[in-house]
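Asker: Kindly produce the complete structure, drawing on both the sequences and the hints.
2 protein chains.
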Amino acid sequence: MTERGWASLSPVRFLLRSRDVFADRVAVTHAGASVTYAEFADRVERLAGVLSERGVRAGDRVAAVAENVPGLLELHYAAAGSGAVIVPVNFRLGPTELGLIFADSEPALVLADEPYREVLPGTAEVLPASGGEYEQLLASASRRAIAAPEDEMTLLSINYTSGTTGKPKGVMYTHRGAYLHSLGVVGEARLGNEARYLWTLPMFHCHGWAFIWAVTAVGARHVCLPRPDPRAAWELIASEGVSHLCGAPTVLIGLLGHELAHQRPIEVFTGGAAPTPAMLERCEALGWNVTHLYGLTETYGPQVICEWRSEWDKLPASRRASIKARQGVATMVSELLRVVDEEMADVPRDGEALGEVVMRGNNVTVGYYRDDEATRAAFTDGWFHTGDLAVMHPDGYVELRDRAKDIIVSGGENISTIEIEATLTAHPAIEEAAVIGIADERWGERPCAFVTLRPGAEADAEALRDFVRERIAGFKVPDRVEFRTDFPRTATGKIQKFVLRDEAG
Amino acid sequence: MTERGWASLSPVRFLLRSRDVFADRVAVTHAGASVTYAEFADRVERLAGVLSERGVRAGDRVAAVAENVPGLLELHYAAAGSGAVIVPVNFRLGPTELGLIFADSEPALVLADEPYREVLPGTAEVLPASGGEYEQLLASASRRAIAAPEDEMTLLSINYTSGTTGKPKGVMYTHRGAYLHSLGVVGEARLGNEARYLWTLPMFHCHGWAFIWAVTAVGARHVCLPRPDPRAAWELIASEGVSHLCGAPTVLIGLLGHELAHQRPIEVFTGGAAPTPAMLERCEALGWNVTHLYGLTETYGPQVICEWRSEWDKLPASRRASIKARQGVATMVSELLRVVDEEMADVPRDGEALGEVVMRGNNVTVGYYRDDEATRAAFTDGWFHTGDLAVMHPDGYVELRDRAKDIIVSGGENISTIEIEATLTAHPAIEEAAVIGIADERWGERPCAFVTLRPGAEADAEALRDFVRERIAGFKVPDRVEFRTDFPRTATGKIQKFVLRDEAG
Chain A
1 MTERGWASLS PVRFLLRSRD VFADRVAVTH AGASVTYAEF ADRVERLAGV
51 LSERGVRAGD RVAAVAENVP GLLELHYAAA GSGAVIVPVN FRLGPTELGL
101 IFADSEPALV LADEPYREVL PGTAEVLPAS GGEYEQLLAS ASRRAIAAPE
151 DEMTLLSINY TSGTTGKPKG VMYTHRGAYL HSLGVVGEAR LGNEARYLWT
201 LPMFHCHGWA FIWAVTAVGA RHVCLPRPDP RAAWELIASE GVSHLCGAPT
251 VLIGLLGHEL AHQRPIEVFT GGAAPTPAML ERCEALGWNV THLYGLTETY
301 GPQVICEWRS EWDKLPASRR ASIKARQGVA TMVSELLRVV DEEMADVPRD
351 GEALGEVVMR GNNVTVGYYR DDEATRAAFT DGWFHTGDLA VMHPDGYVEL
401 RDRAKDIIVS GGENISTIEI EATLTAHPAI EEAAVIGIAD ERWGERPCAF
451 VTLRPGAEAD AEALRDFVRE RIAGFKVPDR VEFRTDFPRT ATGKIQKFVL
501 RDEAG
Chain B
1 MTERGWASLS PVRFLLRSRD VFADRVAVTH AGASVTYAEF ADRVERLAGV
51 LSERGVRAGD RVAAVAENVP GLLELHYAAA GSGAVIVPVN FRLGPTELGL
101 IFADSEPALV LADEPYREVL PGTAEVLPAS GGEYEQLLAS ASRRAIAAPE
151 DEMTLLSINY TSGTTGKPKG VMYTHRGAYL HSLGVVGEAR LGNEARYLWT
201 LPMFHCHGWA FIWAVTAVGA RHVCLPRPDP RAAWELIASE GVSHLCGAPT
251 VLIGLLGHEL AHQRPIEVFT GGAAPTPAML ERCEALGWNV THLYGLTETY
301 GPQVICEWRS EWDKLPASRR ASIKARQGVA TMVSELLRVV DEEMADVPRD
351 GEALGEVVMR GNNVTVGYYR DDEATRAAFT DGWFHTGDLA VMHPDGYVEL
401 RDRAKDIIVS GGENISTIEI EATLTAHPAI EEAAVIGIAD ERWGERPCAF
451 VTLRPGAEAD AEALRDFVRE RIAGFKVPDR VEFRTDFPRT ATGKIQKFVL
501 RDEAG
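Going down the list, the protein sequences come from chains A and B. Residue 1 is where the first sequence starts when you use the working numbering, and the numbers rise one by one after that. Residue 1 is where the second sequence starts when you use the working numbering, and the numbers rise one by one after that.
Hints were generated in silico from the structure; no laboratory data involved. A hint or two may mislead.
Note: identical chains are not told apart, hence a pair may lie in one copy or across any two.
[Said to hold, decoys possible] Mimicking SDA-like on lysine to any residue, the simulated pairs with C-alpha atoms at most 20 Å apart in a straight line are:
(1) Lys-314 to Asp-60
(2) Lys-314 to Gly-241
(3) Lys-476 to Glu-106
(4) Lys-314 to Glu-194
(5) Lys-167 to Gly-99
(6) Lys-314 to Asp-24
(7) Lys-476 to His-393
(8) Lys-494 to Asp-388
(9) Lys-167 to Arg-403
(10) Lys-476 to Pro-230
(11) Lys-476 to Glu-399
(12) Lys-167 to Thr-375
(13) Lys-314 to Leu-120
Answerer: Okay, structure coming up:
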């Protein structure tokens, strides 16, 4: 039924349009081969045929435990275009976590390759996600037309939180939310049909920060990269003329330090942790323009952007870096971003008063799958509570100070672990730093730092403590500084502080 | 009432966000003065207070008969943010047309300055739109908070068609439609906060092709220009560092030919008529990047874009010009564009078969105000029928051949007036051309051409007919070529062929 002046919002429409107007342009490249938008859409409709033949109906869940291969892109459109619900799963998870996710979402079908099939629960039929078997599946399938659902609030996907804090929760996205969020990404990233997007970010993570939809919306090119291997990434950057990529700082650090690193202007989006001044300087030297994003799985990925203002171009590098470390402002398609106290009053815009970041609007989840209690708990007062503590600067830009649970309370003083980490990474020898609170009889808690060194660099704990003492308040100087070769991480590269706490405790 | 993961779509949100995150940036400049986004929002809320004090309630109409002054920008947000309905009226209309529009829309209030007040019907209270009186009005008003309506299908505005064909009809826009259309403009125009948008297009025309909303959405700068005077435009281009502007080809021709014209990279959007190769060449020489748009008042303005592909960059100028003369493809936020035959079947994509352009979706009007009959007539089969005849090229790009009523049928052959016009303007002496059909006893109709000459150029009718004969089929050569100094035009610069027909008939 068509109403005058109305059509349901769905990211499926992006592929329908690009098939229509960019039919002969390259849509996806992978392992030296490429497909056009006409071919991409054809493959999607064949995969939709496979789903239909296997009995997948509207509302059924279809999971994927897959790397950044074309099959995972195709599944997003095939499932969405059939009214099925995508469950993109982190391929680094183990059998226990997968068991919980499958028990919760009850997928009718799962796409997975070796070695990820090994650890799958035996509760769903398994199809290949890539390779000869997958190609055969498509070749023998009959096409089923994809379409946007009539109800734009139809469930599009369930995205399990990556588990920095405990049991995964299933974050629900709607077609409307993903569509609007993607338009925001197109606008903020200035994406156009000439863009070449390199898949250094996992596709399973919030639909690859919506780039699964946004790149398709503008008829640009998806350059697949199964895993963020720096050598493969640099080879593709050179051969495909990559113009855009995303990644957590740890992924960018991997790229920056590689022997194939070379100058090239690239629009780089980073999030998950604030980029450090040292890292930004190295990015600039390569010609990258780095934009800092912030969001959560519950907000369709990045919903906040450190939107650059042309008047800042002429500031000295250190000032620009400290501006870029701020999380920033709500994107165009988001509701206003607030930092509130416990009475839900906005904190003053003074860059000092600490409050919780709360969000609402079209690109905030409608709730957790089959978990009304968690949904109610997260949405007090109608706002989604992020659990992130931040200050609001006078210019309206937000800067995170800590996860509520990562703040250290020492002798009644709040200590921001982020502040100490930023100070440590300003030291030329330090690659990354993670600070946690450890129990202290006298002070309640005291900071303890873990650091990794840059290749070939040396430092000792005392010198690092002195370095921090010279720069920030004495009570913030970590009692201990421990050296590591790497950190425990989530699939997206975030440092898992709860593991460090367990180790330290 | 707030639903989780949902917020009503409304362009009012763009100003609320820019007030929040771009408070101290310049929003609007006019006559050497400027206001920031904080000040702009404050003025809007004062104007909303004025409306409220004057008894304007949700659903009431508020008209404006005004040039491109800040007051007209402000009225859009004040009315929309109060739930009132904007009726932006072409200030070039006479008392008869204004009488029809006021009788149809029954505005509670109208903003107008001299000399436009002279011709207003006496049915509504008149307030100033600019100047000292307007400033006084704002200064003495109390602020009324603006907000997005809860129902995104709320009527936002009534836009009277500019009357190339007869009695004005009131085209209704919704908050949802304008919001989505604006996001499309942001994406397609690559608008960012550094943009300086010059108001060479009338604001009253389809909300200035949605730039009233889009420029605000990204926190860019509105550079007001009351009327498209070429000298004033060039002075502002230089002093304000203008980066974007829109205008019908006739407006661009006015700029191109001015003595102050100088090199400067500007993103230029044109529509209403296809840009000619000769004009495009002159634009390129100035450093302009011209994008051709197409749409109607019924489609929120331009809904179709001749989206440029990077692979076309290296084509010769003449080929690029002929590509740019095509109307193009539906924008990202539009439903698929169709060219259909009388049975609503898509015409073949061969660049030859003629069909009617039909559209539907979020950025198509919900109908004509108080005119169900006209609405039904325009929306046969659920699609809006544009009345424009076009071909579909193999690459999915649409190219208009004619308005259904502008096609000339001569001896059973269809003759495209656009084709003859494009041929004539390729002649170095010709500035603009308009071709109409005149009754002919033998052939039914025959083409008759009206032309204006470029400054200082000379040509005679016979030589021009020969010029056409060498390039297109003999039966398309106009029987008559008449010289004029200017054309009768609509407010947006479209040539009013019905006036030419009356004169010729």
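Asker: Between Lys-476 and Pro-230, at a C-alpha cutoff of 20 Å, which is it: within one copy, between copies, both, or neither?
Answerer: The answer is neither: 35 Å in one copy and 62 Å across copies each exceed 20 Å.
Asker: One pair to classify: Lys-167 and Gly-99, alpha carbons no more than 20 Å apart. Within, between, both, or neither?
Answerer: Within one copy, since 11 Å is at most 20 Å while 68 Å is not.
Asker: Given identical chains, is Lys-476 near Glu-106, meaning Cα to Cα at most 20 Å, within a copy, between copies, both, or neither?
Answerer: neither (47 Å within a copy, 68 Å between copies)
Asker: At most 20 Å between alpha carbons: which applies to Lys-314 and Glu-194, within, between, both or neither?
Answerer: Between. Shortest inter-copy distance 14 Å satisfies the 20 Å Cα cut-off; intra-copy 28 Å does not.
Asker: From the Cα coordinates, with 20 Å as the cut-off, is the pair Lys-476 and His-393 best called within, between, both, or neither?
Answerer: Result: close neither inside a copy nor across copies, 22 Å intra and 67 Å inter.
Asker: Tell me, please, which holds for Lys-167 and Arg-403 at an alpha-carbon limit of 20 Å: within, between, both or neither?
Answerer: within (17 Å within a copy, 62 Å between copies)
Asker: Could you place Lys-314 and Gly-241 in one of the four classes (within, between, both, neither) given a Cα distance threshold of 20 Å?
Answerer: between (28 Å within a copy, 18 Å between copies)
Asker: When Cα atoms must be at most 20 Å apart, do Lys-167 and Thr-375 count as within-copy, between-copy, both, or neither?
Answerer: within (14 Å within a copy, 55 Å between copies)
Asker: For Lys-314 vs Asp-24, is the C-alpha pair at or below 20 Å within one copy, between two copies, both, or neither?
Answerer: For Lys-314 and Asp-24, the Cα distance is within 20 Å only across copies (18 Å; inside one copy 42 Å).
Asker: How would you label the pair Lys-476, Glu-399 (within, between, both, or neither) given a Cα cut-off of 20 Å?
Answerer: So Lys-476 and Glu-399 pass the 20 Å test inside one copy only (19 Å; across, 67 Å).
Asker: Could you place Lys-314 and Leu-120 in one of the four classes (within, between, both, neither) given a Cα distance threshold of 20 Å?
Answerer: neither (53 Å within a copy, 51 Å between copies)
Asker: For Lys-314 and Asp-60, with the copy left unspecified, which applies at a CA distance of at most 20 Å: within, between, both, or neither?
Answerer: The answer is neither: 53 Å in one copy and 48 Å across copies each exceed 20 Å.
Hint compliance for this structure: hints 1, 3, 7, 10, 13 are not met, and every other hint is.
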